[in-house]
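Colleague: For the protein sequence lines, the chains are U and B, in the order given. Mapping of the first sequence onto my numbering: position 71 corresponds to residue 71, and the numbering continues sequentially without gaps. Mapping of the second sequence onto my numbering: position 646 corresponds to residue 646, and the numbering continues sequentially without gaps.
No wet-lab data here; the hints were simulated from the structure. Here the structure is a predicted model, which is why all the values come from computation and not from measurement. Treat each hint with caution, since some may be false.
[Unchecked claim] Below are the PhoX-like pairs computed for lysine-lysine, each with C-alpha atoms no more than 25 Å apart in a straight line:
| # | chain 1 | residue 1 | chain 2 | residue 2 |
| --- | --- | --- | --- | --- |
| 1 | B | Lys640 | B | Lys697 |
| 2 | B | Lys430 | U | Lys209 |
| 3 | B | Lys538 | U | Lys209 |
| 4 | B | Lys720 | U | Lys104 |
[Unchecked claim] Examples of chain U residues lying across from chain B (beta carbon under 10 Å, computed):
| # | residue |
| --- | --- |
| 5 | Val20 |
| 6 | Gly54 |
| 7 | Gly100 |
| 8 | Ser107 |
| 9 | Asn109 |
| 10 | Asn142 |
| 11 | Pro205 |
Note that CB positions come from ideal geometry on N, CA and C, so glycine has one too.
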Amino acid sequence: MKVGVIVFPGSNCDRDMFHVLTDVFHLDTQYFWHQTGLPTNIDAVILPGGFSYGDRLRAGVIAANSPIINDVKKLADKGIPILGVCNGFQILVESNLLPGVLLKNDSLNFMCEWTNLIVKNNKTPFTNKLELDQRIPIPIANGEGRYYVDKKLMSELKMNNQIVFAYENYVNGSVEQIAGVCNKDGNVVGMMPHPERAAESVINPTNNKPSSLIFESLIQTLGAKN
Amino acid sequence: MSLQKHENEHIKNIIRRKLTKTELQIIAAEWSEHCSYKSSKKHLKMLPTTGPNVIVEHGYDSGVLDVGDGYVVTVHIESHNHPSAVEPFGGAATGVGGVIRDILSTGTRPIAILDGLRFGDIENDTHARWLFKNAVSGIADYGNCLGIPTIGGEVEFDECYKNYALVDVAAIGFGKKDKLIKNHASVGDLVVLIGGSTGRDGIGGSQFASDSLENEDRSAVQIPDPFIEKLIIEAVLEARNEKCINAMKDLGGGGLSCAVSEIAESLGIGIEMDVDHVHTKESGLFPDEIMTSESQERMLIITDKKKLQKLRKICDKFRIMCSTIGYVKSDKMLHVKKGTKTLALLPAEFIARAPLLDRKASKPKYLNRIKREKKIRKIPNHSKTLLRLLSSPNIASKHWVFRQYDHEVGIRTVVKPGFDASVLRLDNGKLLSAKIDGNPKHCYIDPRQGAIGCFEEACRNVVCTGANPIGMVDHLQFGNPEDPEIFWTFMESLKGLSEYAKFLRVPCVGGKVSFYNETASGPIKPTPLIGVLGIIDKTPLLPSTANSGDYIVIIGKTKDELGGSEYFEYIHKFVGGTCPIVDFKDSKINMLSVLSLIKNKLVKSVHDCSKGGFAIALSELSIFGNIGCDINIDKLPCEKNLSFEKLLFSESHSRYLLTVDKKNIELVKQFLSKKKISFNVLGKFSGDQIKIMYKSKYAIKCTIDIAQKKYFNTLGDMLKHG
Numbered sequence: 001m002k003v004g005v006i007v008f009p010g011s012n013c014d015r016d017m018f019h020v021l022t023d024v025f026h027l028d029t030q031y032f033w034h035q036t037g038l039p040t041n042i043d044a045v046i047l048p049g050g051f052s053y054g055d056r057l058r059a060g061v062i063a064a065n066s067p068i069i070n071d072v073k074k075l076a077d078k079g080i081p082i083l084g085v086c087n088g089f090q091i092l093v094e095s096n097l098l099p100g101v102l103l104k105n106d107s108l109n110f111m112c113e114w115t116n117l118i119v120k121n122n123k124t125p126f127t128n129k130l131e132l133d134q135r136i137p138i139p140i141a142n143g144e145g146r147y148y149v150d151k152k153l154m155s156e157l158k159m160n161n162q163i164v165f166a167y168e169n170y171v172n173g174s175v176e177q178i179a180g181v182c183n184k185d186g187n188v189v190g191m192m193p194h195p196e197r198a199a200e201s202v203i204n205p206t207n208n209k210p211s212s213l214i215f216e217s218l219i220q221t222l223g224a225k226n
Numbered sequence: 001m002s003l004q005k006h007e008n009e010h011i012k013n014i015i016r017r018k019l020t021k022t023e024l025q026i027i028a029a030e031w032s033e034h035c036s037y038k039s040s041k042k043h044l045k046m047l048p049t050t051g052p053n054v055i056v057e058h059g060y061d062s063g064v065l066d067v068g069d070g071y072v073v074t075v076h077i078e079s080h081n082h083p084s085a086v087e088p089f090g091g092a093a094t095g096v097g098g099v100i101r102d103i104l105s106t107g108t109r110p111i112a113i114l115d116g117l118r119f120g121d122i123e124n125d126t127h128a129r130w131l132f133k134n135a136v137s138g139i140a141d142y143g144n145c146l147g148i149p150t151i152g153g154e155v156e157f158d159e160c161y162k163n164y165a166l167v168d169v170a171a172i173g174f175g176k177k178d179k180l181i182k183n184h185a186s187v188g189d190l191v192v193l194i195g196g197s198t199g200r201d202g203i204g205g206s207q208f209a210s211d212s213l214e215n216e217d218r219s220a221v222q223i224p225d226p227f228i229e230k231l232i233i234e235a236v237l238e239a240r241n242e243k244c245i246n247a248m249k250d251l252g253g254g255g256l257s258c259a260v261s262e263i264a265e266s267l268g269i270g271i272e273m274d275v276d277h278v279h280t281k282e283s284g285l286f287p288d289e290i291m292t293s294e295s296q297e298r299m300l301i302i303t304d305k306k307k308l309q310k311l312r313k314i315c316d317k318f319r320i321m322c323s324t325i326g327y328v329k330s331d332k333m334l335h336v337k338k339g340t341k342t343l344a345l346l347p348a349e350f351i352a353r354a355p356l357l358d359r360k361a362s363k364p365k366y367l368n369r370i371k372r373e374k375k376i377r378k379i380p381n382h383s384k385t386l387l388r389l390l391s392s393p394n395i396a397s398k399h400w401v402f403r404q405y406d407h408e409v410g411i412r413t414v415v416k417p418g419f420d421a422s423v424l425r426l427d428n429g430k431l432l433s434a435k436i437d438g439n440p441k442h443c444y445i446d447p448r449q450g451a452i453g454c455f456e457e458a459c460r461n462v463v464c465t466g467a468n469p470i471g472m473v474d475h476l477q478f479g480n481p482e483d484p485e486i487f488w489t490f491m492e493s494l495k496g497l498s499e500y501a502k503f504l505r506v507p508c509v510g511g512k513v514s515f516y517n518e519t520a521s522g523p524i525k526p527t528p529l530i531g532v533l534g535i536i537d538k539t540p541l542l543p544s545t546a547n548s549g550d551y552i553v554i555i556g557k558t559k560d561e562l563g564g565s566e567y568f569e570y571i572h573k574f575v576g577g578t579c580p581i582v583d584f585k586d587s588k589i590n591m592l593s594v595l596s597l598i599k600n601k602l603v604k605s606v607h608d609c610s611k612g613g614f615a616i617a618l619s620e621l622s623i624f625g626n627i628g629c630d631i632n633i634d635k636l637p638c639e640k641n642l643s644f645e646k647l648l649f650s651e652s653h654s655r656y657l658l659t660v661d662k663k664n665i666e667l668v669k670q671f672l673s674k675k676k677i678s679f680n681v682l683g684k685f686s687g688d689q690i691k692i693m694y695k696s697k698y699a700i701k702c703t704i705d706i707a708q709k710k711y712f713n714t715l716g717d718m719l720k721h722g
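Input sequences plus hints: build the corresponding full structure.
Modeller: Next comes the structure, spelled out in structure tokens:
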């Protein structure tokens with residue numbers, strides 16, 4: 001059972017994610033530098049947050065066009081659980097693994113603050129231990145986190161149960177306050193907030209249990225598979 | 001070129017020949033006030049710099065503190081004032097970049113940034129607002145991209161910074177003691193430049209910063225690229241792990257000239273280098289430009305031939321440039337060549353050690369009259385005054401600022417910004433508390449007591465989280481040191497800081513002096529900025545909110561000290577009076593008492609009384625806790641015959657507000673009585689109003705939600721529309 005954390009030039013939440021996966025949830029985790037490529041026998045892949053390629057051109061777009069994403073696509077087709085957090089989400093959207101786009105926040109500023117998520121889909125590999133409508137206190141930290149899809153795509157998202165998380169309150173102008181979505185099959189999930197920053201009680205000012213369940217969901221998924 | 005007559009004579013006496021053009025450029029960069037500390041160096045020795053936790057190595061640009069279990073914390077502070085006043089986004093961003101590389105050059109990973117920002121009156125001055133907004137964006141853009149959390153800082157506005165900006169950045173690093181770079185070099189070692197390319201940006205930046213800001217010299221401002229800096233951080237730390245680095249120095253003020261001559265001087269070696277081997281942004285750069293350019297994101301590494309290959313491989317991995325520009329010799333000379341042609345050949349020590357000055361100091365005349373207190377007009381309704389103070393840009397919440405900084409990345413931030421001090425968890429289970437503080441309004445009235453006050457305030461903030469102060473950094477910012485009156489204020493501040501540091505046994509582990517902070521309208525107020533680090537062995541005191549029925553206890557005496565207060569300056573537009581003075585004995589015993597109370601878990605929270613005085617500190621507790629309070633101010637321990645205004649708004653030091661659960665109140669009272677310190681139980685938290693009773697009548701009544709609106713929304717509303 002192995003989890004891979006992809007590191008691009010400019011990724012900066014890779015070490016945080018690695019710490020939580022290994023030290024807190026005791027998962028066998030390995031870093032994969034973008035040039036290394038991913039092995040086929042990996043069990044889950046996480047694209048951490050940061051500023052891959054310095055957000056040049058547009059957040060996530062250069063990483064989305066790098067060769068390792070072909071490996072991610074192959075794994076996604078096989079149904080392997082894949083999670084993109086923050087910049088990882090932006091990369092998944094830019095590589096068409098997830099629908100929609102992420103625009104500049106309507107405050108036009110970078111926003112780092114604690115917010116509450118509401119679980120909208122608890123059937124994904126990263127949410128199956130959460131309750132529907134469960135509240136997750138969690139921080140966001142992004143400049144381009146405003147999720148947007150047009151009406152047509154939105155009705156598709158709803159029909160396919162692709163909305164995974166929504167903000168409880170108004171945050172940045174995201175359409176229907178969407179904070180995270182998944183692909184049609186549900187195995188690829190992207191979210192703007194940072195679960196790795198909320199899973200330990202020492203740094204979570206309110207309640208770390210709900211964010212922990214995101215990681216415990218993955219453990220359950222992987223355990224069930226083996 | 002800013003060499004002075006006595007400096008030219010010094011050159012003539014020692015070198016005994018005419019300098020080449022390149023030599024002159026190198027000397028001018030290195031002997032600028034900014035790089036050489038020629039006015040201050042002699043005097044900085046009075047600061048205590050050693051202590052049981054301080055690790056000293058030659059060639060370090062940042063302070064190193066042992067935090068036990070084989071770990072160290074590094075810390076440094078710098079400013080980027082002149083560039084930020086011209087181009088606030090780039091100036092502030094490169095300010096972050098520079099101090100981060102100082103942390104990196106010891107071989108530690110940067111884990112936090114704190115910034116102190118000072119601008120003109122943003123309520124009325126749109127240019128000040130523009131400078132402020134863009135400086136904040138610059139810091140956010142840079143720090144966020146690096147993935148280093150900006151965990152705290154302070155923001156202040158004062159007329160004296162009109163058309164100017166003070167952008168101070170402190171950075172903290174963390175690492176294993178055995179991985180610190182022990183700077184050394186042997187003959188034949190290679191001198192390697194890694195990172196960004198050298199270009200025509202930041203030419204003569206250090207000299208630009210060593211003069212009054214009268215002309216906007218844009219080419220002297222550096223251009224930031226945080227992505228390259230992030231790659232350098234990872235590459236350098238990987239090279240450190242692979243033991244590829246013998247010695248390392250970042251390129252800051254004075255560019256290559258300073259970095260090469262300073263590293264040669266500190267290691268007692270000679271360096272021969274060729275400007276043609278430096279990777280550049282464009283062709284056709286003159287050698288002198290290459291030597292003095294302050295292009296960002298560059299590091300100088302000394303390695304040997306065997307390790308070079310490994311270093312190159314690491315740089316290739318991160319796609320950053322790596323050029324071997326020279327090698328180490330034994331002759332202690334800096335030899336700059338272009339191909340076979342010698343451009344400069346001077347003793348490194350001669351370049352790195354500018355002739356130091358004995359500046360004249362005389363007490364400024366304005367100080368003779370400033371202590372006189374004007375008769376201020378009576379204010380009938382102090383509830384309104386309190387609300388006005390809560391919405392003063394100097395007091396109102398800085399949420400608008402720190403929301404733009406990623407303060408969570410790195411997952412160490414236990415106490416987030418917005419409270420007293422911020423707290424980070426360390427890998428050995430201990431916690432690090434950090435705060436920076438300045439107070440130019442106090443320092444203007446009394447440079448010595450004001451500086452001590454900043455130091456104590458930073459300590460108080462750290463103590464409020466349960467931390468023992470273990471080290472401080474200072475950044476001393478003043479006007480033109482050639483003016484004896486300004487130099488006097490510098491000396492007074494320095495004496496004050498040294499005196500208090502010795503008394504408290506908190507060593508100064510790093511710092512910086514920045515002179516020539518002047519615009520066409522004159523010098524800034526003396527602005528020493530003090531950063532304090534504290535260590536918590538186990539459990540920090542988290543900012544927990546008060547419950548109805550919790551007691552409010554004050555420690556410390558309120559005195560007749562409204563000079564430089566927000567009340568005098570913001571409400572009455574009056575600059576003058578007596579500024580707060582730290583009583584060393586009280587300061588220490590109050591600090592120790594608070595730490596004992598926290599350690600014995602007798603208090604729910606501790607909050608420092610500072611800007612705005614007791615009334616603001618109390619209101620902040622109510623605002624954060626979303627609960628009212630009912631207190632009797634007649635119980636405030638104070639000097640005799642203080643007016644109501646003074647009780648409310650005097651900014652006396654060494655005061656702490658404690659929130660105490662009912663079950664512990666008797667124990668707290670007993671403990672404090674035994675310590676024989678000034679304290680009293682003032683009242684309780686309850687209801688939804690801030691209620692202050694004075695002479696048996698409620699003199700202040702404010703609803704919490706109005707206070708919250710003023711406190712939280714003012715700054716954001718002001719900046720939303722330009």
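Colleague: So, against the hints stated earlier in the document, which numbers end up violated here?
Modeller: 7
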